[in-house]
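Colleague: Line by line, the protein sequences are chains L and V. This note's numbering numbers the first residue of the first sequence as 1 and each following residue consecutively. This note's numbering numbers the first residue of the second sequence as 1 and each following residue consecutively.
By construction, these hints were calculated from the structure, which means they are not laboratory data. The C-beta atom is built at its ideal place from N, Cα and C for all residues, glycine as well. A few of these clues could be false.
Said to hold, decoys possible - Listed below are several chain V residues computed to face chain L (Cβ distance under 7 Å; list not exhaustive):
1. 50
2. 95
3. 259
4. 262
5. 343
6. 391
Said to hold, decoys possible - Restraint-style ranges between C-beta atoms, simulated for each label pair:
7. V:113 - L:333: 57 to 63 Å
8. V:312 - L:401: 33 to 39 Å
9. V:225 - L:92: 56 to 62 Å
10. L:294 - V:227: 56 to 62 Å
11. L:425 - V:113: 53 to 59 Å
As the list claims (entries may be wrong) - Just a sample of chain V residues kept apart from chain L, beta carbon distances all over 10 Å, derived:
12. 73
13. 92
14. 195
15. 415
2 protein chains.
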Amino acid sequence: MSKLSGFPEFLPAERNVELIVLDHLRTVFDLHGFASIETRAVETMDQLLRKGEIDKEVYVLRRLQAGEGDSDSGMGLHFDLTVPFARYVLENAGKLEFPFRRYQIQKVWRGERPQQGRFREFTQADIDIVAKDELPFHFDVEVAQVMAEALSGLPVPQLTLQVSNRKVLEGFYLGLGIAEPTAVMPIVDKLDKVPADKIAEQLQTDAGLTAEQAATCLALADVRTTDESFVEAVRALGVTHPLLDEGLEELRQVVIGAAGAKGVDIVADLRIARGLDYYTGTVFETRMAGYEHLGSICSGGRYDQLASDGKNTYPGVGISLGVSRLLVPLVADGLTADRSVPSTVLVALVDEESRAASVDVASALRARGIPAEVAASAQKFGKQIRYAERRGIPFVWFPANGDEPHKVRDIRVGDQADADPATWAPPAGDLKPRILRTPSKEQNT
Amino acid sequence: MSKLSGFPEFLPAERNVELIVLDHLRTVFDLHGFASIETRAVETMDQLLRKGEIDKEVYVLRRLQAGEGDSDSGMGLHFDLTVPFARYVLENAGKLEFPFRRYQIQKVWRGERPQQGRFREFTQADIDIVAKDELPFHFDVEVAQVMAEALSGLPVPQLTLQVSNRKVLEGFYLGLGIAEPTAVMPIVDKLDKVPADKIAEQLQTDAGLTAEQAATCLALADVRTTDESFVEAVRALGVTHPLLDEGLEELRQVVIGAAGAKGVDIVADLRIARGLDYYTGTVFETRMAGYEHLGSICSGGRYDQLASDGKNTYPGVGISLGVSRLLVPLVADGLTADRSVPSTVLVALVDEESRAASVDVASALRARGIPAEVAASAQKFGKQIRYAERRGIPFVWFPANGDEPHKVRDIRVGDQADADPATWAPPAGDLKPRILRTPSKEQNT
Numbered sequence: 001m002s003k004l005s006g007f008p009e010f011l012p013a014e015r016n017v018e019l020i021v022l023d024h025l026r027t028v029f030d031l032h033g034f035a036s037i038e039t040r041a042v043e044t045m046d047q048l049l050r051k052g053e054i055d056k057e058v059y060v061l062r063r064l065q066a067g068e069g070d071s072d073s074g075m076g077l078h079f080d081l082t083v084p085f086a087r088y089v090l091e092n093a094g095k096l097e098f099p100f101r102r103y104q105i106q107k108v109w110r111g112e113r114p115q116q117g118r119f120r121e122f123t124q125a126d127i128d129i130v131a132k133d134e135l136p137f138h139f140d141v142e143v144a145q146v147m148a149e150a151l152s153g154l155p156v157p158q159l160t161l162q163v164s165n166r167k168v169l170e171g172f173y174l175g176l177g178i179a180e181p182t183a184v185m186p187i188v189d190k191l192d193k194v195p196a197d198k199i200a201e202q203l204q205t206d207a208g209l210t211a212e213q214a215a216t217c218l219a220l221a222d223v224r225t226t227d228e229s230f231v232e233a234v235r236a237l238g239v240t241h242p243l244l245d246e247g248l249e250e251l252r253q254v255v256i257g258a259a260g261a262k263g264v265d266i267v268a269d270l271r272i273a274r275g276l277d278y279y280t281g282t283v284f285e286t287r288m289a290g291y292e293h294l295g296s297i298c299s300g301g302r303y304d305q306l307a308s309d310g311k312n313t314y315p316g317v318g319i320s321l322g323v324s325r326l327l328v329p330l331v332a333d334g335l336t337a338d339r340s341v342p343s344t345v346l347v348a349l350v351d352e353e354s355r356a357a358s359v360d361v362a363s364a365l366r367a368r369g370i371p372a373e374v375a376a377s378a379q380k381f382g383k384q385i386r387y388a389e390r391r392g393i394p395f396v397w398f399p400a401n402g403d404e405p406h407k408v409r410d411i412r413v414g415d416q417a418d419a420d421p422a423t424w425a426p427p428a429g430d431l432k433p434r435i436l437r438t439p440s441k442e443q444n445t
Numbered sequence: 001m002s003k004l005s006g007f008p009e010f011l012p013a014e015r016n017v018e019l020i021v022l023d024h025l026r027t028v029f030d031l032h033g034f035a036s037i038e039t040r041a042v043e044t045m046d047q048l049l050r051k052g053e054i055d056k057e058v059y060v061l062r063r064l065q066a067g068e069g070d071s072d073s074g075m076g077l078h079f080d081l082t083v084p085f086a087r088y089v090l091e092n093a094g095k096l097e098f099p100f101r102r103y104q105i106q107k108v109w110r111g112e113r114p115q116q117g118r119f120r121e122f123t124q125a126d127i128d129i130v131a132k133d134e135l136p137f138h139f140d141v142e143v144a145q146v147m148a149e150a151l152s153g154l155p156v157p158q159l160t161l162q163v164s165n166r167k168v169l170e171g172f173y174l175g176l177g178i179a180e181p182t183a184v185m186p187i188v189d190k191l192d193k194v195p196a197d198k199i200a201e202q203l204q205t206d207a208g209l210t211a212e213q214a215a216t217c218l219a220l221a222d223v224r225t226t227d228e229s230f231v232e233a234v235r236a237l238g239v240t241h242p243l244l245d246e247g248l249e250e251l252r253q254v255v256i257g258a259a260g261a262k263g264v265d266i267v268a269d270l271r272i273a274r275g276l277d278y279y280t281g282t283v284f285e286t287r288m289a290g291y292e293h294l295g296s297i298c299s300g301g302r303y304d305q306l307a308s309d310g311k312n313t314y315p316g317v318g319i320s321l322g323v324s325r326l327l328v329p330l331v332a333d334g335l336t337a338d339r340s341v342p343s344t345v346l347v348a349l350v351d352e353e354s355r356a357a358s359v360d361v362a363s364a365l366r367a368r369g370i371p372a373e374v375a376a377s378a379q380k381f382g383k384q385i386r387y388a389e390r391r392g393i394p395f396v397w398f399p400a401n402g403d404e405p406h407k408v409r410d411i412r413v414g415d416q417a418d419a420d421p422a423t424w425a426p427p428a429g430d431l432k433p434r435i436l437r438t439p440s441k442e443q444n445t
């Protein structure tokens, strides 16, 4: 009966927090015209192993009936939503309209060692825009805007969306006379974990830079501004290259375009390189105040080749939000909802014989969109009120009884008033579960 | 690149149908106070194999990095939502409030042979009410009512919710003098697939009934009424037993209580036995007109022991709707949505330089809850209108340009009018994707 490590599950009130978050994300993505898709949980192993990076963390499937000696099914659980999306795009290219903007909110799995305490199942929310052959740059700005807006409404501490651009880095390195800029990026990308002097050393020993080149690369990585002034700061380092110019202008547009979302700071941060090969321009990472140890909770960027079928290439730009990565620690720290059920009203029961009358009240409320449940048994009213309290249901309805008219009580404050099942409504804020902020979450906006 | 059989995936417009269905289910379950939960996709193998019935269809997980010679992870993908729910209830018994009513809408997996053309991944929507030690009967009625209401709003052909009660069957068999009624039920349950005379034979050879007993059992299985008249029909067979009386009264209450949902016929159908051991009272199955070959698309019942930890038992009653089982064939037959994106409005682009003006119009619409996207590029307006048409976006917005005011066109009919981004709204029915009924679906209500 012990819980499986790495497979987080929420209690009902906590799940209400997750639903509030997922609904908010969906609302924002819908408003911006992103289409919802879901892909199957499994991909063929050759799809999953195409990019080498995390092939060690795949869960392979075997049919139990296939027997011990039999081979695997040739399928594994997806470990992200990008590989399945690329496969979906190619598989349905003839039926999709490009540019195709989609969001995908699904679980992913990684076959981590149990003892590491990492998630082995978690929910991601990805948005991507993909085109056939060519994807105009303004979509980079759009993706940043949409995700900033989505992050903005979340019940979480202050977020910092860090934006960089691989063209800035590559152009800068080329302008510095470095022959192999791609060897520099993965080293600089470790600045979060490795001290700067070690990085400078590695740049010389592993990437063949001079001490001066290494120092200038580190100076670039130090540039970090909340507005477009990063352009001047980079120029001041005295390096020029056409690719650098292009990258600086792109980055400027993203930083300006994504600014203004409440609770989300936008920062041009040239330390962000994202080691992954496939990024070719804009790159994103996101930190959460007080939870920096989680690393980036929302990352992505521009990739000029999401997929290719030999005839067409499909460039894309996207960001992936780690919903579980964000929520599980916050919930562990006390983030929850005001109730464990969707019910706004508990309709009390005078006695078992009058259950039909209580059911009628509940039906009348539901007909007007008010979630209601009827008490499980005709206990004393005090016990029925406790029943509601334990679930966080804010209102208890006492059905008309003899000369007594219908009454409804806000059990949080004890206010009680006569009410008509055909017209009464709770305050709008009480209609759905809402976030409960525990003291430890007061760092929040 | 060939699709994996048994793993259905929807195109964006089809996915909109699924979202409409899932949203409707969720709305009904929420209104009735059922709490949403999600359990992890995996269970330990010993949990999955506890009930013998479908142990052959489990997908077992192996970590790729564990190596060829290494053993399985000891975990498999869940094949239904009942086993995980029972485990969740026991694991969290101290933190849940009983009676606990929950819904769970998730994918499940079955390791079927690929060639069978069966689903290997599909979505189910389960509702259950579970209590500690004792669960009053009125919850059977409630579960039937809630699912009937949920089924009622679906964009599907006429449904028939067939209700029976194991107490009626068992009591009847006992009253007939049959010593082992549990041997009779699995045989009678096959009446759908096996001719009645074969069943009569089996009842004699396999369950030891006399020819007369077998005939009377088949007469009971013939009782099928849309109202409470089944009680008289059963009485007319001349069998009496206290358990039969109890079952008839229970079944009467469910049939009356669940009646009245539009598009859903409620039938007391004593052919329905459900072979599964764990049902102890009410049982449900559901057929869809024109799709009878699918079998039951929504089934469940009362089980007096959903779970037990030795100290407490947890009786429950629930129904499981096969969302994919229902939708995949309907979508294959042409059920779809009016658009492949959530967008209600495409904001046209006069030229690339005025993109900011178009983005402002889209933002103003979104601020009032109207999904809007901006054209990808400043093609001729005719091409931008085609862009909207191909996606099923009903309105194209032409931003103010010089002396020309903002204009919005309903491209389905060609109507165009001046409009203000701060106040214009589409008809409410155009705000979200809606079901498109193709001719083959006209059999629908």
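Colleague: Compare the structure with each hint and give your call.
Modeller: Here is how each hint holds up against the structure:
no. : hint                      : in the structure
1   : 50                        : violated, 13 Å
2   : 95                        : holds, 6 Å
3   : 259                       : violated, 14 Å
4   : 262                       : violated, 14 Å
5   : 343                       : holds, 4 Å
6   : 391                       : holds, 5 Å
7   : V:113 - L:333: 57 to 63 Å : violated, 47 Å
8   : V:312 - L:401: 33 to 39 Å : holds, 35 Å
9   : V:225 - L:92: 56 to 62 Å  : violated, 48 Å
10  : L:294 - V:227: 56 to 62 Å : holds, 60 Å
11  : L:425 - V:113: 53 to 59 Å : holds, 54 Å
12  : 73                        : violated, 7 Å
13  : 92                        : violated, 6 Å
14  : 195                       : holds, 31 Å
15  : 415                       : holds, 22 Å
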